[in-house]
Amino acid sequence: MVAYLLRRVLLGLVTLVVITLMVYGLARSMPGNPLTVQLGESDPSRKLNPEDQQRMLEIYGLDKPWPIGYVQWISKVIQGDLGRSITRKQPVTQLIGERIGPTVLISGTALFLTWFLAIPLGLYASARGGRIDERFTGLVLYALYSFPTFVAALFLQIIFAVWLRDTRWELPLFGMSDLSSDAPFYARCADVAWHAILPITCQTYVVLAYNSRFIKANLEEVVRQDFIRTARAKGAGPWRVLVHHAFRNTLIPLVTLLGLSLPALVGGSVIIEQIFTWPGMGRLFFESIRERDYPTIMGLTLMFSVLTLVGQLLADLLYSIVDPRVNVE
Amino acid sequence: MSQENLRVTEEIDAANPSQGFWSDAWQRYRRRPIGMLALGFVLFLTFVALFAPAIAGTKPVICSYKGDLYFPCLGYFNRSWESPIFTKDKFRGTYPKNLKQKDPESWAVWPLVFQDPYRRVRENEWPGRRENPSRDEGHPNRLNLFGTDQYGVDIFAKMVHGTTIALLVGFVSMGLAGSIGVLVGALGGYFGGWVDMITSRLTEIVMCIPTLVLILALIAVVEKPTIWKTMAIIGATGWTGIARLTRAEFLRLRQTEFVMAARATGAGSLRIMFRHILPNALAPVLVPITFGIASAILVEGSLSFLGFGPPPPTASWGSVLNSARSNLQLWWLVVFPGVGIFLTVLAYNLVGEGLQEATDPRLREAKK
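Top line first, the protein sequences correspond to chains A and B.
The letter at position 246 of the first sequence is residue 439 when you use our numbering, and the numbering goes up by one with no holes.
The letter at position 359 of the second sequence is residue 374 when you use our numbering, and the numbering goes up by one with no holes.
Isolated chain A (complex conformation) (with noise of 0.2 angstroms):
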């Protein structure tokens, strides 16, 4: 086992270090760097002159080619220091520490909301299959899936915050709080959470769709093996059946969908976020490249591949713990 998890962190260290190269790389290419961009398109006026500007990349380090670049930065990182935002003249800790509440409170509660519902659908689909409650339901289920987010999002927002307007039904249109921050504390988690609805709610279906469409066909595979016939055989109710005899072998393939959605977990979703400017991960990185705001573009790198790597990881040892026959080594 120790010997297992140990080439598994070293392989995920090398893949580390190639996915960082290579996101460097290629920050680094774009064209453009944080003082140009920055500066030049919100002021031209403010525009540095060349000596500021050399002077200023090289209190950055940017006047050297990358591959040394990269090499100063993955040397600090080793030593527990993800750097400095150029643009926002923050430590990229602090920086993903204040966008990940709001990204959770968004994606945990979806990821809550989509097994909580899409177990039960799932069941129910299985245990009706084929009747016409069970096959609109899946035809629902299936346009749901194909259902882009995007087009999702501005739908809600023109049914909520437009024709609903100065109805008790409106709904904000984005952002995460419309109160100052020494409004009363219960005030403050009702607006939040009165702003959290929609984007909730469009992180919430597809993932939804998707997963009770999942457990559904793996439950008809299971179904038509022989130890359900006997279960059926020897008298246990339908229900029985599905749920203890059933669904229990069909944990694997849940785990390893569990296990990769680690990083969509914390990472957020770039579309709704931008859509609702909610201020979470998703919408710092796309900021960040917008920005050429390098430190950030990488760190956030850095934490998705880990996130990602430990997920994979994660979901291969639940397997042995779920599947008592399956041996990690």
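All clues stand as given, with none of them false.
Calculated lysine-lysine pairs in the DSBU-like style (CA-CA distance at most 35 angstroms, straight line): (1) A:Lys269 x A:Lys257; (2) A:Lys269 x A:Lys282; (3) A:Lys282 x B:Lys239; (4) B:Lys244 x B:Lys105; (5) B:Lys81 x B:Lys105; (6) A:Lys257 x B:Lys239; (7) B:Lys244 x A:Lys257.
These are calculated hints, taken from the structure and not from any lab test.
For this one, chain A is given, so just place chain B on it according to the hints.
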């Protein structure tokens, strides 16, 4: 067996040749009404894309001018396909009046809907017709079936011409992704060992970087983005799933008897990989490619929506949605392109699902 009997069996065999894999799959696919409906919709889109300039446009499909026949509508596909004589005679893109003024003898066959996807149609451009409404007055009406955007450009024309892009994005980017994925997966699965080690790592690395972020960074690196570069980038980032599936298929098939037989006859590695194994691995790989077409259309839509799509005046459905973001009260800017993207993605997903059921023997057993 007597001579007579043998002859009869031969005749029966000739009358009922055993069905090939693909014709069998087609037989099965045809039985699913929803799958056929989806396939029909994709064919309909192809038709719309091919005949877009004849459906909506301001340039005649065919016209006779100064004694010669011209097809100015081809200019929508490629500027240079529009005869230079119209530039020389200073038509400036408006045909109806100029044709009559400069050659009273001329005649023309017009597109079904006289609207332009790239500019606002002005007053009396078509004799007796009003100017396209703009801003919040552009509700869908008789002349602008899907309404107009804030600058008065017709949405129906934009949608019709955007079909070309939606279809091209799917085919070009998935063609690229499919080729890369099959090649990488085939190499890894067939050779195994250190080749597999390298290709598997490569796949894992690309999978670890969030796709949208990778695409955004690549688009920033490519200066002057065009729709073709966007397609190439979507394809270059979307091959990982296909590579993994191909690798699994090749791992399974390289140990079969027919591969050994091929090797015994002295066939080279490349020949075995692409002539013997690939045709047998194609069906399971084709399914994720079909789903991939759907997701490529989604990715292009979201890129245009975020403002990173092909630059104007390329008419893409996502860019219409992008213009709706700041004008939410213009609901028709959301509904029509939104439903368009949705139906297209749904159709490709349903085709993929039908293909899966028609070609996967395990699912076939399930239905018995």
